[in-house]
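J.: Residue numbers (our numbering), protein chains in the order written: chain A, 1 to 202; chain B, 1 to 552.
There may be inaccurate statements among the hints.
Said to hold, decoys possible - Straight-line Cα separation of at most 25 angstroms, DSS-like style, residue types lysine-lysine; simulated pairs: (1) B:K320 / B:K477; (2) A:K123 / B:K433; (3) B:K397 / A:K123; (4) B:K514 / A:K172.
Don't read these hints as lab results, they were simulated from the structure. Owing to the predicted nature of the structure, the values given are computational and were not obtained by experimental measurement.
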Amino acid sequence: METLELHRRTLLKGLAGVACVGLWPACRLKDRKPTSPGWLARLPPDRVAALGAATEAILPGARAAGALLFIDYWMQQEMVENMAHMLDIGAIMLNRVAQVEHQAVFAECSIEQQAHVLGIFQKNAVDETLAKVRRGPAKASRFDARGFFERLVTLTLESYLGEPKYGGNKDKVGWHFIGWKHCWWSPKHIGTLIDADPRLPY
Amino acid sequence: MARNDQVDVVVVGSGAGGAPVAMSLAESGARVVVLEKGKYYSIRDFTHDEIAICRRNFFVPYLGDDPHTIRKNGAIDSKPTREGWTSQCVGGATVHMSGFTYRLKEQDLRLKTLTGGIAGADIADWPITLEELVPFYDLAEAAIGVSGIAGINPFDAPRRPFPLPPMRPHPTALLVDEAARSLGFHPFPTPRAIVSSAYGTRPPCNYCGLCGDYGCENGSKSSTLASLLPRAEATGRCEIRSECMVSRVLVDDTDTAIGVEYIDRRGELQAVYARTVVIAASAIESARLLLMSADSQHRDGIANSSGLVGKNLTFSSFGKGTGIFDRQAIVAKLGPKNMSLPFLLRSVQDDYWIPDAGLGMPKGGTYNFLLHHPNPINAAVRLATDSDWAVFGQPLKDRMQSYFHEEVWVEFEVFGEFLPWKGCYVDLDPVTKDRWNLPVARINLQNHPVEIEVNKWLTARGLDILNAIKPTAKEVKPWTWGGTTFHLQHGTCRFGKDPAHSVLDPSCQAHDVKNLYVTDGSFMPTSGAVPATPTILANSFRVARHIRDKLA
């Protein structure tokens with residue numbers, strides 16, 4: 001396990017250097033199969049930037065904690081192909097809605113503007129928003145904006161509070177944030193806390 | 001296919017329905033093969049990785065791999081779903097259960113007689129009495145290890161002491177006791193299928209709190225994996241074959257079960273022949289197997305002359321409420337001692353039988369009080385969903401800060417009667433296939449309106465208790481009512497004396513097929529208002545006694 005941790009740190013350090021240009025190599029951990037090329041590496045940089053900014057807008061600190069690495073890992077697993085497609089389209093739509101509402105791609109919007117755009121997804125109102133600039137009658141797209149939003153929120157929270165081996169929760173920042181409550185990482189220590197409580201006869 | 005694989009008993013499934021039969025018969029001298037669809041995990045495989053264990057496919061298969069399908073409220077088209085699966089591994093659902101270990105009551109077994117029937121529902125009395133089950137409850141609790149206090153719940157029938165003393169509760173149990181008693185209720189410590197002190201070779205619980213949805217890496221949760229199956233294997237006469245998907249029950253020309261076909265982990269079709277075939281794959285999957293075993297002589301599936309295989313599917317009627325309390329206020333009242341303990345361990349059964357409530361049936365249910373599950377991701381997602389996903393950004397982080405540092409969430413779950421009726425059944429999906437190209441189980445789900453009415457009433461009563469807790473909660477709110485707990489499932493092969501109105505006889509042998517038994521929750525004609533796992537275990541021991549005598 002220690003070997004794995006060291007390997008991961010080395011990997012994350014290396015990745016930090018390329019993250020700023022939107023290149024996301026596969027998250028190769030010793031105990032899983034090779035997954036290169038990374039899913040995010042196949043996306044245009046503006047979409048990667050949109051997803052990264054969205055995770056940060058959903059939970060401040062998530063991007064630095066490795067949310068994109070986490071997403072990259074899971075999008076390469078066999079059973080999430082539809083989810084990967086949803087995220088890809090979602091990134092495009094984030095930029096489109098941001099352009100309509102704020103005349104900028106999502107990653108370049110202010111925090112308030114990003115919250116406004118995400119609110120449109122949460123309300124499932126993307127079609128109406130895009131209809132503002134579309135000629136002719138509004139038509140419903142097949143894109144599930146609300147589903148995309150819920151998925152992205154869930155992935156972001158998973159990345160922040162899950163096992164660091166999946167690429168998120170860098171330096172266990174999420175567990176530090178919640179104060180190491182409960183004991184999902186080490187039940188052995190809890191045993192020492194249990195003393196008889198005379199107020200509770202049973 | 002040569003009959004070179006011949007044993008006395010083949011058991012399909014290794015959970016609460018299968019393991020007691022396997023262990024009992026192996027210990028009595030029979031040669032037993034257990035076929036389990038899932039993997040053979042050891043306790044070293046059970047980590048606290050919330051993502052892998054609870055949110056991916058460690059226990060429950062992915063949709064694209066092995067789905068169920070579901071049609072809700074009379075919908076025409078079915079949709080793939082992960083609902084209705086229990087953990088896919090040796091030990092079955094007992095591996096990831098929470099282990100709330102209540103027994104049924106007399107009303108559960110006599111619901112039709114006591115009510116005179118409920119409009120629209122197809123309830124039936126059980127063909128056995130509670131007295132017949134009690135010795136096997138005792139046997140099951142001793143065999144697996146259950147912690148609790150006998151005689152403290154005034155609504156329980158007299159019973160033997162539990163094998164183990166109760167688990168230690170979180171101090172907030174004091175507040176629940178106080179509040180419940182102030183309203184005239186009689187709270188009692190929730191019995192748990194967890195060993196509170198050393199039991200045989202198993203160590204006592206270390207109070208990590210991750211019972212439900214997890215496997216126990218300590219071996220303290222009383223799964224069949226930790227308790228019964230090692231005993232079965234120790235006889236040298238019980239072989240557990242994991243990752244084997246049973247696809248057909250083999251029946252000869254005399255309507256006698258002679259074995260099963262299965263697909264092994266290499267994808268090859270195999271068969272094992274036996275004098276007795278026991279199906280215990282869960283109420284949904286056992287019905288599916290009987291339906292999949294149709295042939296030219298049994299076009300509607302085997303053991304199905306009544307047409308009832310798959311019908312009368314019941315789950316547990318679910319309700320839930322949450323009270324959000326200020327942590328400092330609780331610490332100020334109770335002190336900081338033991339605030340890290342994970343279990344609240346209080347139950348209330350005053351509303352189990354409620355003839356004066358003016359509802360559509362007099363059958364109520366059980367309130368199980370507990371702390372919010374310690375899973376952090378689950379909690380954070382719940383904070384998002386509670387706001388209809390409208391809270392995100394810094395407000396979400398602030399909300400997480402409050403939840404993890406400033407609040408204590410006391411919750412209750414309602415276990416209510418789930419009424420069998422025409423709206424809820426399982427059949428074979430005509431389109432969707434699993435990874436073995438077998439038709440998947442299609443769940444047809446519609447809740448009986450009386451069941452919803454009663455569950456709503458019970459949930460409101462549970463909220464009354466939360467509201468009576470001092471210090472007062474910051475917020476008390478219902479989370480849901482009239483819902484469905486899918487992993488508690490029963491009824492699809494109900495037992496009874498009349499072959500026209502039941503699939504199994506009182507010993508859980510198929511009316512139509514000799515030497516074929518079903519011992520998971522399928523046999524239960526009514527669900528009861530508690531989790532059925534202890535009852536399934538007890539009944540499986542009862543059936544094992546019957547098979548043993550027959551084999552002898």
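J.: What are the numbers of the hints that this structure violates, sorted from low to high?
T.: Result: hints 2, 4 break, sorted rising.
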